[in-house]
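There are 2 protein chains.
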Amino acid sequence: MAVHTDVTDDELKAFVADYDLGEVLSFQGIAEGVENSNFAVRTSRGSYILTLYEKRVAAADLPFFLGLMDYLAARGVSCPTPLKTRTGETLRALKGRPAAMVTFLEGLWPRRITVAHCQQLGHALAALHAAGAGFPMTRANALSVAGWAPLLEATRAEAGSVKPGLAEALDTEYRELAARWPSGLPTGVIHADLFPDNVFFLGDRLSGLIDFYFACTDAFAYDLAVCLNAWCFEADRSLNVTKARALFQGYESVRKLDAAERQALPLLARGSALRFLLTRLYDWLNHVPDAFVIRKDPLEYWAKLRFHQSVDDSAAYGLA
Amino acid sequence: MAVHTDVTDDELKAFVADYDLGEVLSFQGIAEGVENSNFAVRTSRGSYILTLYEKRVAAADLPFFLGLMDYLAARGVSCPTPLKTRTGETLRALKGRPAAMVTFLEGLWPRRITVAHCQQLGHALAALHAAGAGFPMTRANALSVAGWAPLLEATRAEAGSVKPGLAEALDTEYRELAARWPSGLPTGVIHADLFPDNVFFLGDRLSGLIDFYFACTDAFAYDLAVCLNAWCFEADRSLNVTKARALFQGYESVRKLDAAERQALPLLARGSALRFLLTRLYDWLNHVPDAFVIRKDPLEYWAKLRFHQSVDDSAAYGLA
Numbered sequence: 001m002a003v004h005t006d007v008t009d010d011e012l013k014a015f016v017a018d019y020d021l022g023e024v025l026s027f028q029g030i031a032e033g034v035e036n037s038n039f040a041v042r043t044s045r046g047s048y049i050l051t052l053y054e055k056r057v058a059a060a061d062l063p064f065f066l067g068l069m070d071y072l073a074a075r076g077v078s079c080p081t082p083l084k085t086r087t088g089e090t091l092r093a094l095k096g097r098p099a100a101m102v103t104f105l106e107g108l109w110p111r112r113i114t115v116a117h118c119q120q121l122g123h124a125l126a127a128l129h130a131a132g133a134g135f136p137m138t139r140a141n142a143l144s145v146a147g148w149a150p151l152l153e154a155t156r157a158e159a160g161s162v163k164p165g166l167a168e169a170l171d172t173e174y175r176e177l178a179a180r181w182p183s184g185l186p187t188g189v190i191h192a193d194l195f196p197d198n199v200f201f202l203g204d205r206l207s208g209l210i211d212f213y214f215a216c217t218d219a220f221a222y223d224l225a226v227c228l229n230a231w232c233f234e235a236d237r238s239l240n241v242t243k244a245r246a247l248f249q250g251y252e253s254v255r256k257l258d259a260a261e262r263q264a265l266p267l268l269a270r271g272s273a274l275r276f277l278l279t280r281l282y283d284w285l286n287h288v289p290d291a292f293v294i295r296k297d298p299l300e301y302w303a304k305l306r307f308h309q310s311v312d313d314s315a316a317y318g319l320a
Numbered sequence: 001m002a003v004h005t006d007v008t009d010d011e012l013k014a015f016v017a018d019y020d021l022g023e024v025l026s027f028q029g030i031a032e033g034v035e036n037s038n039f040a041v042r043t044s045r046g047s048y049i050l051t052l053y054e055k056r057v058a059a060a061d062l063p064f065f066l067g068l069m070d071y072l073a074a075r076g077v078s079c080p081t082p083l084k085t086r087t088g089e090t091l092r093a094l095k096g097r098p099a100a101m102v103t104f105l106e107g108l109w110p111r112r113i114t115v116a117h118c119q120q121l122g123h124a125l126a127a128l129h130a131a132g133a134g135f136p137m138t139r140a141n142a143l144s145v146a147g148w149a150p151l152l153e154a155t156r157a158e159a160g161s162v163k164p165g166l167a168e169a170l171d172t173e174y175r176e177l178a179a180r181w182p183s184g185l186p187t188g189v190i191h192a193d194l195f196p197d198n199v200f201f202l203g204d205r206l207s208g209l210i211d212f213y214f215a216c217t218d219a220f221a222y223d224l225a226v227c228l229n230a231w232c233f234e235a236d237r238s239l240n241v242t243k244a245r246a247l248f249q250g251y252e253s254v255r256k257l258d259a260a261e262r263q264a265l266p267l268l269a270r271g272s273a274l275r276f277l278l279t280r281l282y283d284w285l286n287h288v289p290d291a292f293v294i295r296k297d298p299l300e301y302w303a304k305l306r307f308h309q310s311v312d313d314s315a316a317y318g319l320a
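Protein chains in written order, with the working numbering: chain U, 1 to 320; chain G, 1 to 320.
No copy is singled out in the list; a pair is fine if it fits within one copy or between any two copies.
SDA-like mimics (lysine to any residue), calculated; alpha carbons at most 25 Å apart, straight line: (1) K13 - G46; (2) K95 - G67; (3) K13 - D70; (4) K95 - E234; (5) K13 - G203; (6) K13 - Q120; (7) K13 - A116; (8) K13 - E234; (9) K55 - E32; (10) K13 - T103.
Read the hints as simulated data drawn from the structure, not as lab findings.
Please read these numbers as outputs of a predicted model, since none were measured by experiment.
Isolated chain U (complex conformation):
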C-alpha cells in the first residue's frame, strides 16, 4: 500500500489553499502503489491526486517527471497533469517531503489482458513517444545497462537461494547484453514502466496512462520491449503471439519501427526482462515483512528472459 506519511486535515487544507481549487470535500489515502504516498483529494472544483514522494524517488528527478507530465498533457496525452499554485509552482513540500498535486484520471486498470487492450496500448505508447518530441529535458535510464551492475552486486550472494545457479546465469546474461547492447536506435521520452496497473480503461477504451516516475530518455523500442514482457505473456509464462502482434500493430499504426529497431527487439526484450528480474530479486531478498506488500516473483522474468534468448528474429513476436 502507499501511505507512508500521514497528512492531517489542517495540513491538507493549508496545502490546497495555495491552489485555486475551492473547498476540500474529501481526502483519502490510496492503498495502491508502493513507492510514494498517494491521496485522493476531492474539492468543489474536481478530483485530484496528492503525492508525497518518499525516499525511493530522487528529488532531483522530480522536475523532469512533473515537467514531462505537463508537456505530454498539453500535447493530448491523457495523463495526470501537475497543478500549479497561484504563484506557478508544481513541485512543493509537505511533511518534509517533495509533494505535488495532479489531476485525477478516470478508468480502471485491466487484470485480464485482452488482445484489444494490447492493440490500444501499442497505439497509446506510440502516441506518447510522438508527443514527447521536443521535450527539452533529458534523464538517463537509471535501470538500463549501467544500472544492472550494482543490482547484480547487491543480489549475487543470495540469488542462489531463489534459484540455484541464478547469480552465475545473470552475470553471463549481463556480460552478453552489455557487449551487444544496441546504440543509435531512435530515442526520446519513454515511460519505461508501462505495466497494466499504469494503464486505465473505461469500458473497452484506453482512458489514460499514469505513473511516470521511471520515465527517461531512451530507445523507443525498449519501451515496446517492456510492454511486450508486461502484457503479452500468459500465466503459464508463454508468449501470446496474437497479443504481441496486436501490440506492434497498434504501435505501428502511429509510428513505424525501422529495420534496426526490429532487429534489436529480442535483445531489448532480454534487457527489459533482466531489468525487472533484478529489481524484483533485490526486493525479494530485501523484503521487510509486511502482510500487505505482495512480493513479485522474480522468476517470472527469468522465464521471459529465457524465451527471448531463444528468439533470433522479431518474426517470433508476430512482427511482419
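Chain U is fixed; fit chain G onto it per the hints.
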C-alpha cells in the same frame, strides 16, 4: 491500512452491474480503517464505498449494521446509506466475503479537536440517539461488562510487560465496575465508537458520521462517555473541561440527560476507558509486525481511567 482482499476490475464491474449506478469510472483501495477492506468507487451516477467485511466483523451482525444505517439515513442522519441492488439486496458477497456498497460521504475528520467540534459532536450524537428510536432490531454491546472478562483473560499473562501491575489493577477495576455497573438508564441505538476519525466536517460544520460496525443497543449515556474519552482529553492526557462542557451542551440542546444518567457518567466513563484500554492492550500484545499499522497506546486509556476514578460528581466534566 484497509485492503486485505484484492478485487479485480472485472469482479468489480460484475458486482456493480447489479445496481442501477451506470458505468464504473474509477476504483481505488482506501488506506484508512483497519478491520475491513474499503474501496472508493466512482460511477457515472456518483461516488460510493464498497466494503468487504473481513473476519473481525461477525457476518450475523451485518443485517443489524446495514439496517441501522438505512434506518438512520431515512430519518435525517448524515451517514452512509446502503445501496440496494435491482432485486432489493443490500448485503451481498464478493471474493467469498460479505460485501455491501454504501453512499460516499463528503468531509474530513479533524485531527486537531476544537471546542466547536465537541459542541457539534454532542448535537449529532443526541440526534443519532433520537433518530434510532423505533429501530426494530437489537444488538447487545459485545464490548460492555460481559465482553471485558475474556479480554482480561487473554491479556493477563503479558499485561505486566506494558506496565508493571497492570493486570492486577485491571482485575480490580473490572470487579468494581461489574458490581456497580448501572442498569435502567435510557437505552437505545448507540454508535459506541464515535472517535474523531468517524466524524466528518466540511469547513466548520459536522457533515456526517461513519463506521457503524460497533453500533449496538445500550445506554445513551455510555455513548457520551465514549465521546468524552475520545474527544475531550488533551495530548498531556488531562481533561479539557471546556470541550467536555461543549460536548454535553451540544447533546442537551437536543436531548436532556436525566439525573440517573448524570450520576452514572463517571462510572460509564471508567467503563468506556476500560473497554478501549482492553482492546488496545489485546492488539498491542497480539501485534503482527506491519510497518503500516500504528499500534494505539493502551496506556493513554489507563490515564483516562485513573482520572475518572477520581471523579465523584459529573460537575467535574463541566455538567451544570
